[in-house]
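Novice: Which chain is which? The protein sequence lines are A and B, in order.
Just so we're aligned: 28 in the numbering used here is position 28 of the first sequence, and the numbers increase by one with no gaps anywhere.
Just so we're aligned: 153 in the numbering used here is position 153 of the second sequence, and the numbers increase by one with no gaps anywhere.
Among these hints, one or two may not hold up.
Said to hold, decoys possible - Listed below are the simulated DSBU-like cross-link pairs for lysine-lysine, each with C-alpha atoms no more than 35 Å apart in a straight line:
(1) B:Lys239 / A:Lys277
(2) B:Lys86 / A:Lys114
(3) A:Lys108 / A:Lys266
(4) B:Lys114 / A:Lys230
(5) A:Lys292 / B:Lys373
(6) B:Lys277 / A:Lys274
(7) A:Lys26 / B:Lys243
(8) B:Lys373 / A:Lys291
(9) A:Lys277 / B:Lys358
(10) B:Lys325 / B:Lys359
(11) B:Lys160 / A:Lys114
(12) A:Lys277 / B:Lys277
(13) B:Lys325 / B:Lys80
(14) B:Lys86 / B:Lys243
(15) A:Lys266 / B:Lys373
(16) B:Lys13 / A:Lys266
(17) A:Lys277 / B:Lys305
(18) A:Lys145 / A:Lys292
(19) A:Lys277 / B:Lys373
(20) B:Lys325 / A:Lys133
(21) A:Lys133 / A:Lys116
(22) B:Lys36 / B:Lys83
(23) B:Lys173 / A:Lys116
(24) A:Lys114 / B:Lys159
(25) A:Lys10 / A:Lys62
(26) B:Lys57 / B:Lys83
(27) A:Lys274 / B:Lys134
(28) A:Lys108 / B:Lys13
Note that these hints are calculated values from the structure, not bench results.
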Amino acid sequence: MAILLDEKTKVIVQGITGREGSFHTKLMLDYGTKIVAGVTPGKGGQEVHGVPVYDTMEEAVKEHPDAIASIIFVPARFAADAVYEAVDAGMKLVVVITEHIPVHESLKFINYAKQKGTTVIGPNCPGLISPGKAKLGIMPGHVFKEGPIGIISRSGTLTYEIGYALSKQGMGQSTVIGIGGDPVIGTSFTEAMELFEKDPETEALVLVGEIGGDMEERAAQMIKEGRFTKPVVAFIAGRTAPPGKRMGHAGAIIMMGTGTYQGKVKALEEAGVKVAKTPFEIPELLRQALKK
Amino acid sequence: MKLFEYEAKEILKKYGVKVPKSVLVKKGEDPIEKMKQAGLEPPVVVKSQVLVAGRGKAGGIKMAKTWDDVKRLVDELFDKPIKGIKPRLLLIEEAIPHEIELYVGMVIDRSERKPVILASKYGGMDIEEIAREKPESIIRVHVDPFIGLKGYQARLIGKKIGLTGKALSNFAKFLTALYNMFMDYDGELAESNPLALVGDEVIPLDARLIVDDNALYRHPELAKEILEESGEYTEWEIKARKKGLAFVELDGDIGIIGNGAGLTMTTMDLVYEFGGKPANFLDIGGGASAELVKTAVSFLVEFPKTKKIFMNIFGGITRCDEVAKGIVKALEELGKLEKPLVVRLAGTNEEEGREILKKHGIEAFVDPIEAVKRLMEL
Ligand SMILES: Nc1ncnc2c1ncn2[C@@H]1O[C@H](COP(=O)(O)OP(=O)(O)OP(=O)(O)O)[C@@H](O)[C@H]1O
Ligand SMILES: [Mg+2]
Chain A
1 MAILLDEKTK VIVQGITGRE GSFHTKLMLD YGTKIVAGVT PGKGGQEVHG VPVYDTMEEA
61 VKEHPDAIAS IIFVPARFAA DAVYEAVDAG MKLVVVITEH IPVHESLKFI NYAKQKGTTV
121 IGPNCPGLIS PGKAKLGIMP GHVFKEGPIG IISRSGTLTY EIGYALSKQG MGQSTVIGIG
181 GDPVIGTSFT EAMELFEKDP ETEALVLVGE IGGDMEERAA QMIKEGRFTK PVVAFIAGRT
241 APPGKRMGHA GAIIMMGTGT YQGKVKALEE AGVKVAKTPF EIPELLRQAL KK
Chain B
1 MKLFEYEAKE ILKKYGVKVP KSVLVKKGED PIEKMKQAGL EPPVVVKSQV LVAGRGKAGG
61 IKMAKTWDDV KRLVDELFDK PIKGIKPRLL LIEEAIPHEI ELYVGMVIDR SERKPVILAS
121 KYGGMDIEEI AREKPESIIR VHVDPFIGLK GYQARLIGKK IGLTGKALSN FAKFLTALYN
181 MFMDYDGELA ESNPLALVGD EVIPLDARLI VDDNALYRHP ELAKEILEES GEYTEWEIKA
241 RKKGLAFVEL DGDIGIIGNG AGLTMTTMDL VYEFGGKPAN FLDIGGGASA ELVKTAVSFL
301 VEFPKTKKIF MNIFGGITRC DEVAKGIVKA LEELGKLEKP LVVRLAGTNE EEGREILKKH
361 GIEAFVDPIE AVKRLMEL
């Protein structure tokens, strides 16, 4: 098992005819992802790497009623519309790769999707991969191996680095989710943790955080309250980065006491989480955590 | 993008908000003349138009009681840097006698994924200390982004910060205007601190609006070159931005290039761990073209703080062969690299990338730890 995505998940690629869309469609197909259709308005009737292209999600779903997930490679100005189209077409999972989407737009489509029971990953994220089964994203597949470790990451490239370090040490992964780097995202640390808690294949979790925001603090709280019971190892990027730029009084008030490297490490350690100083310490810390 | 106080107040007017009467003066203009034309008389407040917060405490807000004060203070404030930045414009505004200063602001609450309104009866320049010492005195109310701010919510917030009667409905009207501006202008932040309470009226003595950079295409009238004025960037950071590079200057001497903010920050952390000090943060982002890589490498070679350069790339949407081509282009353009460059390449198309670099005599590491060790030996 894995979470959200496996070898049976039928996928639609939105923005399949674009440069990134078609490039990554090929890589996802090669990895084994079941891509059944693509959508680009005005390009209906074409084929991309053997995948039929439709003008609308409605047509794609009519021809491929078993599709339940979509991945979006649409430019920022049109991305919100693509999400609404995916949600209205009944997708259960929507992965938004696009970056630079205005935050007021993300705010709305994420709330909308939630009301309709659709899980959104991203925006501005690398997507997710269940190694050996399928990938719905832009990560290089070969760095990940099948196994019992879950990874949730706020960062894109850093996730590949960490997956690679784990795989090299023989520690494969159940599912790896890059949740995205924007201020407002569809799936947070704690929401993804709920899924990993229920997944019998996942034995331990790696949290890859970053300075800023309060998601790491919330994850720590969840662990402290016993709502996540598997061993956790964390890494927080930005130990040596200068503190972020202030955003008026309101920004300072709302973030009071959260967001710093020290604050996050403290919260996590108090919850019993081992925090690695470099990504390359993670495998050893995981091994220790799993032994206990 | 941060807007100046005068710009935020100008926009607020469009929402029917009454702001203090004012004139805007440039250096060299006669403030007295301008004030007279506008029917403005002392006492006035002369306010430095810089984008940094805390102008009052830094001496950028001065009360002028007489015409002589106006002349003197205008000259004084034009020459006075506020946190390193001299103003290009001053706002001369009618002084509003008031006893009560309220606070009201809004941002997007990342974890609730909703706009959140913050309000307090203890506004003014010390609001952050108050938030720290008396957090319960700050009212927080979330807004449904689809329905918007409900009338009763605005009144409830007013009630909770101690307003009643006509003042309460005036406050609710103001708050609704501020919220609408926040939503219409893709605000990351909208606030008024202080919002003065004068009799039954509320008057924004200060206003601030920060617009989401990703949404600027929807507000072309706001787009302007304010890098120098923002006070947030150093000379080299401004140069970098003009070249389209996400670059932050730091204190050390090792140039850092990475792809993705997380990996780039981690690369800095690694260099520290091995005893080095990063001179910068430079993130080439996702899917960088050879052209962008070339620009980034050449930029760090030029950047005087760097003695050597460490490039750490883990390809996802970024292709290692594109990165390698960019490095080669930089090499060809500069003739030779005057500063040692250590490259680490892994991920999408890494073999192709390494092959390209090898042909040009550049070794690319697979293991980042080995790469950092090599970097520190140089
Ligand atoms: N028109 C005015 N009439 C009377 N007093 C004023 C006026 N404008 C500003 N003030 C006073 O000066 C103080 C500082 O002004 P203002 O809030 O505009 O600047 P600021 O210091 O940049 O604010 P912040 O701390 O929010 O960055 C206010 O708190 C207020 O007491
Ligand atoms: Mg103020």
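Novice: For each hint, tell me whether it holds in the structure or not.
Specialist: Results for each hint:
no. : hint                : verdict
1   : B:Lys239 / A:Lys277 : holds, 33 Å
2   : B:Lys86 / A:Lys114  : violated, 47 Å
3   : A:Lys108 / A:Lys266 : holds, 33 Å
4   : B:Lys114 / A:Lys230 : holds, 31 Å
5   : A:Lys292 / B:Lys373 : holds, 33 Å
6   : B:Lys277 / A:Lys274 : holds, 26 Å
7   : A:Lys26 / B:Lys243  : holds, 32 Å
8   : B:Lys373 / A:Lys291 : holds, 31 Å
9   : A:Lys277 / B:Lys358 : holds, 32 Å
10  : B:Lys325 / B:Lys359 : holds, 11 Å
11  : B:Lys160 / A:Lys114 : holds, 31 Å
12  : A:Lys277 / B:Lys277 : holds, 16 Å
13  : B:Lys325 / B:Lys80  : violated, 48 Å
14  : B:Lys86 / B:Lys243  : holds, 25 Å
15  : A:Lys266 / B:Lys373 : holds, 30 Å
16  : B:Lys13 / A:Lys266  : violated, 46 Å
17  : A:Lys277 / B:Lys305 : holds, 26 Å
18  : A:Lys145 / A:Lys292 : holds, 24 Å
19  : A:Lys277 / B:Lys373 : holds, 17 Å
20  : B:Lys325 / A:Lys133 : holds, 33 Å
21  : A:Lys133 / A:Lys116 : holds, 27 Å
22  : B:Lys36 / B:Lys83   : holds, 31 Å
23  : B:Lys173 / A:Lys116 : holds, 33 Å
24  : A:Lys114 / B:Lys159 : holds, 32 Å
25  : A:Lys10 / A:Lys62   : holds, 13 Å
26  : B:Lys57 / B:Lys83   : holds, 11 Å
27  : A:Lys274 / B:Lys134 : holds, 33 Å
28  : A:Lys108 / B:Lys13  : holds, 27 Å
Hint compliance for this structure: hints 2, 13 and 16 are not met, and every other hint is.
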